[in-house]
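Student: Position 12 of the sequence shown, counted from 1, bears residue number 11 in numbering that gives the first Met the number 0, the numbering being contiguous throughout.
Honestly, the hints are just simulated from the structure, not real lab data. Wrong hints could be hidden among the right ones.
As the list claims (entries may be wrong) - Think about it this way: if two alpha-carbon atoms lie no more than 30 Å apart in a straight line, the pair counts; the simulated DSS-like pairs of lysine-lysine are: (1) 49 to 34; (2) 107 to 49; (3) 58 to 30; (4) 109 to 8; (5) 58 to 109; (6) 114 to 30; (7) 58 to 25; (8) 136 to 110.
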Amino acid sequence: MKIDYQLIKNILTVIEDYPLPKIDGKELLNKLDVKIPSRRALETDEDYLKYVTLVYHMKELLKAECIENINKEYQYSFAPNIESPFVRVDCTSYELTLKGSEFLSGLKQKKIFTKIKDLAINSAISLVTQLLVEQLK
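Required output: the full structure, derived from the provided sequences and hints.
Tutor: So this is what it looks like as structure tokens:
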């Protein structure tokens, strides 16, 4: 799956804009208008596609250390869902890291956003950091 930087930007923005340091996973899903698919969801269902796309991007953000969560018990801190084949992103809280905040600053700038749209996430983070430093000179 290709990285959708608009979705990455939306996830980070929701976490940054939340009035508390951590946002509950349920609240994050609600603000992103994503629902956990039903057990009988088909791979073509809109809810299914939105959810698995979100989970993929959340994993990438966790691996890149742009976000953290409090539940370290499960891989990527997503809880398994007994009632369906989907992992649960709503069973923990998430917070933006300094690295994630910096990355979001770059994503908010159209010039930078355009330059990274085809890069892997770690390459994009490195380039954003470099471009932000250059702006300070």
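Student: A separate judgement is required for each hint: does it hold in the structure or not?
Tutor: Each hint tested on the structure:
1. 49 to 34: Roughly 8 Å between the alpha carbons, so the hint for residue 49 and residue 34 holds.
2. 107 to 49: OK: residue 107 and residue 49 at ~23 Å, within 30 Å.
3. 58 to 30: holds (18 Å)
4. 109 to 8: holds (12 Å)
5. 58 to 109: holds (25 Å)
6. 114 to 30: holds (27 Å)
7. 58 to 25: holds (16 Å)
8. 136 to 110: Roughly 17 Å between the alpha carbons, so the hint for residue 136 and residue 110 holds.
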